[in-house]
Amino acid sequence: MQYPESLDRLSRELSRLPGIGKKTALRLAFGILRYTPEEAANLAEAIRQVKERIHHCNICHGFTDLGTCSVCINQMRNQRLICVVEQPNNVFQIERSRVYQGVYHVLLGALSPLEGIGPDQLQIRSLRKRLEKDGADELILATNPTVQGEATAGFLQSELVDLVPQITRLARGLPAGGDLEYVDEITLQEAFSGRRGWHD
Amino acid sequence: MVIRSLELHQFRNYRQLQVEFGPGLNWLHGHNGQGKTNLVEAIAYLCNLESFRTRKTQQLWYSEANAARMTALLEQQQVLRRVQIILSTRGRQVWLDHAPFQRTSEYVLSFLALSFTPEDVALFRGPPQDRRRFFNRIISNLDPSYFRHLQDYTKILAEKNAALRQRQDRQLSAWNQVLARTGWELIQRRAAFAEQLLSHLVEIFRMATGRPEQLSLRYHPAVQCSDAEQLEKMIEDQRDRELQSGYALIGPHRDDYHLFLDEKIDRDFFSQGELRVTNLSLKIAINQLLFSHYSLHPILIFDDLFSELDAQVSQRLLGLFAQLQNQIFVTSTTRPEKLDTKSCSFQVVQGQFV
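Keeping their order, the protein sequence lines are chains A and B. Numbering-wise, the numbering used here comes out as the position in the first sequence, counting from 1, plus 136. Numbering-wise, the numbering used here comes out as the position in the second sequence, counting from 1, plus 17.
Honestly, the hints are just simulated from the structure, not real lab data. In this text, a Cβ means the ideal position worked out from N, Cα and C, and glycines have one as well. Where hints are given, some of them may not hold.
Derived SDA-like pairs (lysine to any residue); straight-line CA-CA distance at most 20 Å [as the list claims (entries may be wrong)]:
(1) Lys172/B x Thr323/A
(2) Lys172/B x Glu321/A
(3) Lys250/B x Glu295/A
(4) Lys172/B x Lys187/A
(5) Lys187/A x Arg163/A
(6) Lys172/B x Asp320/A
(7) Lys300/B x Val330/B
(8) Lys172/B x Gly254/A
(9) Lys172/B x Pro255/A
Take a look, some chain B residues computed to stay more than 12 Å from chain A by CB distance [claimed, not checked]:
(10) Phe164
(11) Leu174
(12) Ala208
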């Protein structure tokens, strides 16, 4: 027997989400079917609201439900220290670590000519304007350690070198609490070449 | 590494075959066209996931079939692994210890067969990408980080070529920088490999031929540079030409390797016999390098070994084989004169072992 049309449609919509395959999508769809009409309406409303309310911060382009995000507006944070990341979710990941007290700038991607992404498709012009207008003491390049992320970091370094006294790149190496056993060769090589003295 | 047993189903001229091999020299003899090469081709495929004769899977099937199956027990540092490969119209399926295995790159880094076949003389006469491909595989086995850098380099090159085609010259420098950094990692490792191989190559060639010349493998980087910064600068100098042509003109993707007998280069001056014996020396030297640095013993395959080699060289080679700790497969039209107790011989007649 075929799935009824509306159920089939729901599961196909769900399977478009990242990490959701056909089978998981069907399980989720059946889960939603067991909801009361009110529960289902709540879910639909939450989806509608998130699209309606969440947008990009007008300074850093991270996600926010205000015009300017809570980090950019917070004067307790070091507004002269800017961390550049590729995606809005990277901001939340760094925030969870609670060590960073500066602000962010989200590029909304990384350079990839193969995918038609050049400097103009990223939030680079706004970063330049930000630096020209308010200035900064340090720019931390926290793009991903992929070839696209590395190229983007190199690009930003050469484009912005005259606008900020210090540009740094996040260190690469061993994960905390990890076991050497599970570390790949390149990470190990980098950890070796980036090793530090005991008292540093 | 040792292949303990092999089962072939509808592979080339083998309808069904089940055979067990010895850990040392395995000598396959028989008339032409009986299936000796087909058998060692299956062994090479099981290790390298590619044939040394063809890229077309359909050619590997029994004439009336539309699928082939190879199953083997491989012993790797005292651990037995069951490998099964199914080739069909739906493509290739690899099973490792009864579970499907998807990561081809990881597979070929854990198993290795070095083969020496009559077609090999083309390696140093053919296009440079064949040589880069061959040595990439070998260096990856020696150094897994080489393989990762090679994957990165390929990705960066594709991005850079896309930037050149779209005339995105503003971001070109950023790509040149990462290309040069990763390229420099490749150049260093390729040069070190040729260097490490040298002493083995000289020794094996002398031992096999008794000739006084020095055999060397020379790495010819497309760019002569002493560090990543210099490489980057040299790539930058080509910017206008590259933008005009629409693809990356210089970098290690244009590298080459050549064999030399003293100062005589393979391509133009080696005789057919010299190409064969130097190629043979190269394979054995690679084997010695793998062993001396990493205690690896790839499976060695010598297909139709004694054609075009003179009797003296053949005798010396047999003496050398006795000293190697590898599992060795030799195919020949002649029966071996005498084999030591560790060796096995098989006669192949029309897709059957007798």
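Here is how each hint holds up against the structure:
1. Of the supplied pair hints, the one linking Lys172/B and Thr323/A holds, its CA atoms being roughly 18 Å apart against a limit of 20 Å.
2. The hinted pair formed by Lys172/B and Glu321/A meets the criterion: a straight-line CA distance of about 19 Å does not exceed 20 Å.
3. The suggested pairing of Lys250/B with Glu295/A holds, with an alpha-carbon distance near 18 Å, which does not exceed 20 Å.
4. Proposed proximity of Lys172/B and Lys187/A is contradicted: the alpha carbons are some 34 Å apart, above 20 Å.
5. For the given pair, Lys187/A sits about 24 Å from Arg163/A by alpha-carbon distance, which is inconsistent with the 20 Å threshold.
6. Between the alpha carbons of Lys172/B and Asp320/A the distance comes to roughly 19 Å, so the proposed pair stays at or under 20 Å and holds.
7. Straight-line distance between C-alpha atoms of Lys300/B and Val330/B comes to about 15 Å, which keeps the hinted pair within the 20 Å bound.
8. At most 20 Å may separate the alpha-carbon atoms for a hinted pair to count; Lys172/B and Gly254/A meet this at roughly 16 Å.
9. For the proposed pair Lys172/B and Pro255/A, the alpha carbon gap of about 19 Å is at most 20 Å, so the pair holds.
10. Distance to chain A contradicts Phe164/B as a non-interface residue, since its nearest Cβ pair spans about 9 Å, not more than 12 Å.
11. A beta-carbon of chain A is positioned within 12 Å of the beta-carbon of Leu174/B; the least distance is around 10 Å.
12. With a minimum CB-CB distance of about 18 Å to chain A, Ala208/B clears the 12 Å threshold, and the non-interface call stands.
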